[in-house]
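Engineer: Residues per chain are reported as follows:
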Amino acid sequence: MTAQPAAANPRETWRLVKLPRNQRPAPTAGPVRVLAHERLGDRYMALTLEAPAIAASAQPGQFVMLTAARAHENAPALPRPMAVYSRDPAGGTIEILYGVIGEGTRQLAGFAPGEQMYVVGPLGRCFEMGDSPSVLLVGRGIGTCSLTTVAEERARRGLQTIAVTSARTPGAVIGADFYRDRGASVVYAVTDEDGSSAPDSLFDVLTRDWDHAPPDAIMTCGSDRLTRLCERLGARWGADLQVSVEAHMACGLGYCHGCASGARSEGDESPLICQDGPVFSWQRGADLSPAAAGGADGQA
Amino acid sequence: METGLVVDKDAGALADTPPGPGAADLSIELGGLLLTNPVMPASGCFGPELAPLFPLAALGAVVTKTVFAEHRAGNPAHRLTETSYGMLNSVGIPSPGSESFRNGLLRRYQESGTHVVVSIGGLLTPEYYTVAEDLAEEDIAAFEVNVSCPNLERGGLAIGTSPERVAEVVAGVLERVSRPVFVKLTPTVSAIGAVARAAEDAGAAAVTVANSFSGMSVNIHSRASTLGTGAGGYTGPGIKPLALKLVRDAAAAVDIPVIGCGGISTAEDVAEFLIAGATAVQVGTATFTRPTSMADIIRDLGPLCGRLGVSRVAELIGTLDQEPPTR
Ligand SMILES: Cc1cc2nc3c(=O)[nH]c(=O)nc-3n(C[C@H](O)[C@H](O)[C@H](O)COP(=O)(O)O)c2cc1C
Ligand code: FES
Chain A
1 MTAQPAAANP RETWRLVKLP RNQRPAPTAG PVRVLAHERL GDRYMALTLE
51 APAIAASAQP GQFVMLTAAR AHENAPALPR PMAVYSRDPA GGTIEILYGV
101 IGEGTRQLAG FAPGEQMYVV GPLGRCFEMG DSPSVLLVGR GIGTCSLTTV
151 AEERARRGLQ TIAVTSARTP GAVIGADFYR DRGASVVYAV TDEDGSSAPD
201 SLFDVLTRDW DHAPPDAIMT CGSDRLTRLC ERLGARWGAD LQVSVEAHMA
251 CGLGYCHGCA SGARSEGDES PLICQDGPVF SWQRGADLSP AAAGGADGQA
Chain B
1 METGLVVDKD AGALADTPPG PGAADLSIEL GGLLLTNPVM PASGCFGPEL
51 APLFPLAALG AVVTKTVFAE HRAGNPAHRL TETSYGMLNS VGIPSPGSES
101 FRNGLLRRYQ ESGTHVVVSI GGLLTPEYYT VAEDLAEEDI AAFEVNVSCP
151 NLERGGLAIG TSPERVAEVV AGVLERVSRP VFVKLTPTVS AIGAVARAAE
201 DAGAAAVTVA NSFSGMSVNI HSRASTLGTG AGGYTGPGIK PLALKLVRDA
251 AAAVDIPVIG CGGISTAEDV AEFLIAGATA VQVGTATFTR PTSMADIIRD
301 LGPLCGRLGV SRVAELIGTL DQEPPTR
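Respectively, the protein sequence lines represent chains A and B.
Quick note on full-length UniProt numbering: the first sequence kicks off at 1 and runs consecutively.
Quick note on full-length UniProt numbering: the second sequence kicks off at 1 and runs consecutively.
If you're looking for bench data, these hints aren't it; they were derived computationally from the structure.
This structure is a prediction, so every number in the text was calculated from the model and none was measured.
Hints are supplied without guarantee of correctness; some may be wrong.
[Stated by the list, open to error] Some, not all, of what chain B presents toward chain A, calculated at C-beta under 8 Å:
no.	residue
1	P52
2	L56
3	A73
4	G74
5	P76
6	H78
7	R79
8	S225
9	F288
[Unchecked claim] Covered stretches of chain A (in silico footprint by chain B; criterion: 3 or more residues with CB under 8 Å from a CB of chain B, positions within the stretch not fixed):
no.	region
10	14-28
11	160-170
12	243-251
[Stated by the list, open to error] Residues of chain B clear of chain A, computed beta-carbon distances all greater than 10 Å:
no.	residue
13	M87
14	R107
15	Q110
16	E127
17	A136
18	E137
19	P163
20	S190
21	F213
22	A252
23	D255
24	E272
Don't be surprised by glycine CBs; every beta carbon is placed ideally from N, CA and C.
Build out the structure end to end from the sequences listed, making use of the hints.
Structural biologist: So this is what it looks like as structure tokens:
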């Protein structure tokens, strides 16, 4: 949920394409209890919520909306969409990681264990899981939170997952331990600090290691540059590419039309991130209309 | 107005004291419609997608997103941003077009189990008439004519600020439909009473006061507007005092009911609007903050009536303890 909708870039003929409609769990809405809320490294917060219905039904890549306004208050007005980083159906809990970047997330960070937080979810379209024998996950920063449950779900089904998690500094790398403990067979934790996160060096490493047994599908979230990298890898390996895209949202359910991605699909309104996404197929296709080029840079 | 002596329906007994929690009669009459309570969504801030989250039949009515005659894609991204005490939007009313709406989305609104109010819009006056004609035969409780969207290329606000053009659109729509017609006014006028009166004289059954305020915010780093179109509509708690004043002024100017809209998020807010002169209310941004807001408001309204010493919510309407401004 942290990628920029790269469709805004007219340079190439890649575009967001809606995944086939799948069955999704009905969302729930209401206050839930905060069980834990802790700092994670120097950039992020880790929030654990008692939300049995969401824990039981959320599919990999789905998100929830967190209302930062406390009960009987009404600011901030807009809830914040957040990926479900991990879920524990047996314990009835979900975990969410987020960066404190603005007023809304600053207020969210003030919730203490025991307090009630208003949550809606699960929402959106999940990753198309299929039965690909091998999948590559490429996440940048907090964007990795959309991908972790893919690895977990695949491990449960005995399928191989390779995971790249990228960040500026080692302290900001998300999900490396989660991947190692709960799903991925190979984990690349890369950083800007030592240069290992540069797309060209990642390309070299990944092609060196996987050209002999290339993944069938690539799923990415969190960075335009890494989406470019995934395009190259996908073209080389013949692997399908799915991206999870982020947007400002109001309803999260598809009726407010506030989260249009800006990627124009013939004559229609551009896909809605909350309802048609946040996960899309990222395909090489017909030219984007010039109208689409100006509109979106969809950052949150 | 009722006397103090009322029948407490739940207890089945004659009572001369305010009823207990939940016993109040929340029903109101609005332009010939009987609503079980005065709470309905604001256009564009509601959809049948909310059905899994609370029983839509509990609403006094549902109001659709504004429908245009032709398909509209809406405005470029970004369309939304948080701002002080509310939000800004420049969604720009994407619409499936009236025919496609009739055959699709309208059916889903009709499944809500309450009155369906269809909001209609246009860039030019004749477009309103096309929508009205396309929907005239449908099972619709009322129309709400939106002459006040700040996010359109043209029309919208331009119509809503002119009493003559408002009257023209209302009369034109009324010629084509046999349902009550509400008119959603813009707050961006110096004398809302004059526009409300023009709507009333043209035959409107109620006026909705009001749509969003024009507003913007700036990203000081990029020095760009935070919205794709440069500016948009400001809504949410921050506009409540502004909308309330407009409701009082409009209610003083007309005899038809006023539907209050702007920043309402609690039962207390509803009471404020009713006291200021509204007969019913619409809730917009609060549904984004918490999708079950309207259900919570309706739940709280009965007990609030008890605390305010009324057995019928309608008893609050227009009871502001103040000389009304002269017409
Ligand atoms: C995202 C969004 C979309 C809206 N779309 C419409 C619309 O299609 N037609 C309309 O008459 N008003 C529209 N409005 C205005 C609302 O109906 C309402 O008048 C306004 O939000 C003020 O109420 P609030 O403060 O409770 O939100 C929209 C408002 C928002 C925030
Ligand atoms: S956030 Fe409302 S349509 Fe996507």
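Engineer: With reference to the structure, classify each hint as holding or not holding.
Structural biologist: Comparing the hints with the structure gives:
no.	hint	in the structure
1	P52	holds (4 Å)
2	L56	violated (12 Å)
3	A73	holds (5 Å)
4	G74	holds (6 Å)
5	P76	holds (3 Å)
6	H78	holds (6 Å)
7	R79	holds (5 Å)
8	S225	violated (13 Å)
9	F288	holds (4 Å)
10	14-28	holds (count 3)
11	160-170	violated (count 0)
12	243-251	holds (count 5)
13	M87	violated (5 Å)
14	R107	holds (15 Å)
15	Q110	holds (16 Å)
16	E127	holds (19 Å)
17	A136	holds (25 Å)
18	E137	holds (25 Å)
19	P163	holds (31 Å)
20	S190	holds (28 Å)
21	F213	holds (14 Å)
22	A252	holds (28 Å)
23	D255	holds (33 Å)
24	E272	holds (14 Å)
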